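*Asks:* The chain contents come next:
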Amino acid sequence: MRAMSAALFGAIFGVGLLLSGMLDPAKVLGFLDVAGAWNPQLAFVMGGAIAVAFPAFLIARRRERTLLGDPLTLPPRLGLDRGLVGGAALFGLGWGLVGICPGPGIVLLGFAGPPAWTFAAAMVAGVVVARGAVPVSPG
Amino acid sequence: MHPFLQSLIGGGLIGAASAGLLLTNGRIAGVSGILSNAAAFRPGVWRWAFLGGLLAVGLAASLLGHAAPPTLSNAGPGILIAGGLLVGVGTQLGNGCTSGHGVCGLSNLSLRSLVATATFMATAGLAVFALRHGPALLGLVQS
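Protein chains in written order, with this note's numbering: chain A, 1 to 139; chain B, 1 to 143.
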């Protein structure tokens, strides 16, 4: 049941990515190029996503259990550290270099051929290397 | 359909999937975190199922004749490997990516995610600026 719902939500997430334009590095890089011919299209992706997800987090904060009866805990909201900021900075550099973040990196494996396989293999290698180098994080 | 509307609807679906995974499975739809824990073989078939759902959409797109984005096809292997490594290492150290921090974290009113999102947006913008406008600024090419 948990795997089935996760697969369903993964697929909905993927269709959302496909429709939104996040799978097209030209659009992503156009959105990030604020000094050039800025394309604001992808601001609507985050706007639409947060508009729908925000109420769910409000509900989740009032609940102790999920719809399937598992404990419901939310990640910590406070507490900044060097890993968070440094890691986010490195992630941004890679995102700006290629125009693909992790979700699109997985969906593109299905239809974008060897360039997508190369990117995803490097991404997983980066995750595994960093995971070995720093203490295991929750999640 | 206007591209802005299409992006809004796509974003809405991303938000709906995140809401569903949160309220049904009690999990954050952060793709880098799911990928990281799946790659470490932590218990939880749901992670592979979620990633399988994402991949299934890509395969369905392939069957429907969806073409690879030209910008990706034209990127050289060096850029793809460097970008992939930075994305992998960065999201692991920073504990999240565009989905985990950008969508879920901001929806959860998390200061950590706000700082992370502002940081990766800024460095992504800097990378694009350096690649697209750096050579002209340095006088290496005629702009």
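Worth flagging that the hints you see were computed from the coordinates, not collected in a lab. Predicted model, so just to flag it, every value in this text is computed and none were measured. Positions of the beta carbon are idealized from the N, C-alpha and C atoms, including for glycine. Among the hints, erroneous ones may be present.
Label pairs and their in silico Cβ distance ranges [stated by the list, open to error]:
1. B:LEU126 with A:PRO40: 15 to 25 Å
2. A:TRP117 with B:PHE41: 14 to 24 Å
3. A:ARG65 with B:LEU140: 16 to 26 Å
4. B:ALA122 with A:LEU67: 35 to 45 Å
5. A:VAL34 with B:LEU63: 31 to 41 Å
Just a few of them, taken from the derived set where beta-carbon distance is under 8 Å, the chain B residues facing chain A [unchecked claim]:
6. SER99
7. SER107
8. ALA136
*Asks:* For each hint given before, does the structure comply? Return the numbers of the non-compliant ones in rising order.
*Replies:* Hints 3 and 8 not satisfied by this model.
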